[in-house]
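Chemist: Knowing the structure of chain P, use the given hints to seat chain D with the ligands on it.
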Amino acid sequence: MSQPLPSSAAPVVSLRDVHKSFGSLKVLDGVSFEVPRGEVMAIIGRSGSGKSTALRCIDRLETIESGEIIVCGHRVSDPKLPLRALRLDVGIVFQSYNLFPHLTIEENICLAPVTVKGKRRAEARETARRVLGQVGLGDKLDSYPEQLSGGQQQRAAIARSLAMEPQVMLFDEVTSALDPELTGEVLRVIEQLAAGGMTMVMVTHEMGFARRVADRIVFMHQGKVWETGPAGILDAPETAELRQFVGSGL
Amino acid sequence: MIATQLGATHLQFLLQGALWTVVLSAIALVGGGLLGFLVALCRVSGSRAVRLASGAYVQVVQGTPLLVIMFLVFFGLPPLGLNVSPLAAASASLILYVSAYMGEIWRGCIESVPKPQWEAAECLAMSRTQRMFHVVLPQAVRIATPPTVGFLVQIIKNTSLASVVGFVELARAGQIINNSLFEPFLVYLIIALLYFAMCYPLSRWSRRLERRTGFARRQQVVSP
Ligand SMILES: Nc1ncnc2c1ncn2[C@@H]1O[C@H](COP(=O)(O)OP(=O)(O)OP(=O)(O)O)[C@@H](O)[C@H]1O
Ligand SMILES: [Mg+2]
Numbered sequence: 001m002s003q004p005l006p007s008s009a010a011p012v013v014s015l016r017d018v019h020k021s022f023g024s025l026k027v028l029d030g031v032s033f034e035v036p037r038g039e040v041m042a043i044i045g046r047s048g049s050g051k052s053t054a055l056r057c058i059d060r061l062e063t064i065e066s067g068e069i070i071v072c073g074h075r076v077s078d079p080k081l082p083l084r085a086l087r088l089d090v091g092i093v094f095q096s097y098n099l100f101p102h103l104t105i106e107e108n109i110c111l112a113p114v115t116v117k118g119k120r121r122a123e124a125r126e127t128a129r130r131v132l133g134q135v136g137l138g139d140k141l142d143s144y145p146e147q148l149s150g151g152q153q154q155r156a157a158i159a160r161s162l163a164m165e166p167q168v169m170l171f172d173e174v175t176s177a178l179d180p181e182l183t184g185e186v187l188r189v190i191e192q193l194a195a196g197g198m199t200m201v202m203v204t205h206e207m208g209f210a211r212r213v214a215d216r217i218v219f220m221h222q223g224k225v226w227e228t229g230p231a232g233i234l235d236a237p238e239t240a241e242l243r244q245f246v247g248s249g250l
Numbered sequence: 001m002i003a004t005q006l007g008a009t010h011l012q013f014l015l016q017g018a019l020w021t022v023v024l025s026a027i028a029l030v031g032g033g034l035l036g037f038l039v040a041l042c043r044v045s046g047s048r049a050v051r052l053a054s055g056a057y058v059q060v061v062q063g064t065p066l067l068v069i070m071f072l073v074f075f076g077l078p079p080l081g082l083n084v085s086p087l088a089a090a091s092a093s094l095i096l097y098v099s100a101y102m103g104e105i106w107r108g109c110i111e112s113v114p115k116p117q118w119e120a121a122e123c124l125a126m127s128r129t130q131r132m133f134h135v136v137l138p139q140a141v142r143i144a145t146p147p148t149v150g151f152l153v154q155i156i157k158n159t160s161l162a163s164v165v166g167f168v169e170l171a172r173a174g175q176i177i178n179n180s181l182f183e184p185f186l187v188y189l190i191i192a193l194l195y196f197a198m199c200y201p202l203s204r205w206s207r208r209l210e211r212r213t214g215f216a217r218r219q220q221v222v223s224p
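Line order of the protein sequences matches chains P and D. Numbered according to full-length UniProt numbering, the first sequence spans residues 1 to 250. Numbered according to full-length UniProt numbering, the second sequence spans residues 1 to 224.
If we strip away everything but chain P, and leave its shape as in the complex, we get:
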């Protein structure tokens, strides 16, 4: 039913006229966008504009009222969608890392590949070593999360997602909880992923980073895609809202 579509031209993520409310609060008001394979999309906007909600809908952490979401060929808006298949294709990283505190970094990374994908331990360890090297934490295999700095924990969380070999990665303000001097190390990891061709959707407040890494920007305002286009729109906004947002230095 929800087999990944064969066509390589099909976008990896596609939202069409998505509506979502929390009670009487309209949070997504007809959101549409597409992310082609290998592209990086940055979602920006004021607090409360619905950025996180849009991202969470892509991974079906929230259900929508109307519209259509298709991710890697999975019809996410279908209530009967088998979630496991979707989540095997989607990796998501949150602001608050959410590493499992009772497990070492290596165990954090191996848990899902072993329990969900049925990988053998040795193989999973090999993967853990590889992804940790990728995020520059090759020496932290046996550490517990609480022994790492925020930036290291966030990179470990990214590594944990990568170990599942997702088709698309979602990032929700992954540097917002970090001290300024630690954001750089996390952003560099994401930038490397982008250079490696990973399809990504990231909610971010780091304008310079969005400009540099994103192929496309979505500016959300009051639950709508207010303005969208290549990074250039940040330099020449068409709407007063985006102009104000960029000007406010957020």
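Do not rely on the hints blindly, as some may be mistaken.
Short, incomplete list of chain P residues facing chain D, as computed with Cβ under 10 Å [stated by the list, open to error]: (1) Gly91; (2) Leu99; (3) Pro101; (4) Leu111; (5) Thr115; (6) Val116; (7) Lys117; (8) Ser161; (9) Val168; (10) Leu170; (11) Gly208; (12) Phe209; (13) Val213; (14) Trp226; (15) Thr228.
Straight line, CA to CA, 30 Å or less: simulated DSS-like cross-link-like pairs of lysine-lysine [what the hints assert, rightly or not]: (16) D/Lys115 / P/Lys224; (17) P/Lys117 / D/Lys115; (18) P/Lys80 / P/Lys224; (19) P/Lys80 / P/Lys26; (20) P/Lys224 / P/Lys26; (21) D/Lys157 / P/Lys26; (22) P/Lys80 / D/Lys115; (23) P/Lys117 / P/Lys80; (24) P/Lys119 / P/Lys80; (25) P/Lys119 / D/Lys157.
It is worth saying that the hints were derived from the structure and are not from the lab. Ideal Cβ positions, reconstructed from N, Cα and C, are used throughout, including at glycine.
Modeler: Same frame as chain P, now just chain D with the ligands:
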């Protein structure tokens, strides 16, 4: 028990009673713990019906005095053709009682594992059962240890109610001895000391655990 002065035989009898108190407590802890674990899992089940049914079980058991449960099991079952020994009646009653309270304590511990932990596991495509057993329960166990050890003290003290169905544990042993000695102050003082000797180390241990895990948890909370 003919001697009119407290002697070695009396003390031996008391210690034997204390031993039965320990045995009964252990039965209640293990049996009630197992059943209570099941109750806790049911209380956080994905199925509404299971949650409601287990909630009703907890309400009913918690709303009934342990004394009444003991009477019900010991005197209520024989007319139905089920004969129960005092030990069996006391054990069954305590297991019911403990399961309801432990179930609630542990439900609270499971629910106090931060929701983002569930979500992180969910996003890694782990099933509900995998999330529960690999991510949530190991963390809940740490949170649960101090209140569980603390509740063990309640269990030990509550075993004294088993005397109402004629089971000779520490309290009942004391009663019997006092009936022949008529030295209530001395006898019950010894009983109190014996209970204290069993409970105090546990309370101390529970408080130490509480301080330690409280510290550990403050360190690991990072979600905003
Ligand atoms: N689970 C929820 N229940 C009720 N309201 C919610 C819930 N989640 C989000 N909201 C509300 O929906 C609106 C949009 O939230 P969302 O988190 O998507 O905004 P955001 O753009 O990510 O903001 P921020 O930059 O602060 O993270 C907000 O007003 C928020 O309070
Ligand atoms: Mg947000």
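Chemist: Give a verdict on every hint.
Modeler: Status of each hint after checking the structure:
1. Gly91: holds (8 Å)
2. Leu99: holds (8 Å)
3. Pro101: holds (4 Å)
4. Leu111: holds (6 Å)
5. Thr115: Interface hint status for P/Thr115: holds (5 Å vs cutoff 10 Å).
6. Val116: holds (5 Å)
7. Lys117: holds (8 Å)
8. Ser161: Holds, about 8 Å.
9. Val168: violated (12 Å)
10. Leu170: holds (9 Å)
11. Gly208: At 23 Å from the nearest chain D Cβ, P/Gly208 fails the 10 Å test, so the hint is violated.
12. Phe209: Violated, about 20 Å.
13. Val213: violated (22 Å)
14. Trp226: The hint is violated - P/Trp226 has no Cβ within 10 Å of chain D, the shortest such distance being about 26 Å.
15. Thr228: Given a least distance of 26 Å, the restraint on P/Thr228 is violated.
16. D/Lys115 / P/Lys224: holds (28 Å)
17. P/Lys117 / D/Lys115: holds (24 Å)
18. P/Lys80 / P/Lys224: It holds: about 27 Å lies between the C-alpha atoms, which stays within 30 Å.
19. P/Lys80 / P/Lys26: holds (24 Å)
20. P/Lys224 / P/Lys26: Status holds; Cα separation ~10 Å.
21. D/Lys157 / P/Lys26: violated (56 Å)
22. P/Lys80 / D/Lys115: holds (24 Å)
23. P/Lys117 / P/Lys80: holds (22 Å)
24. P/Lys119 / P/Lys80: holds (27 Å)
25. P/Lys119 / D/Lys157: violated (50 Å)
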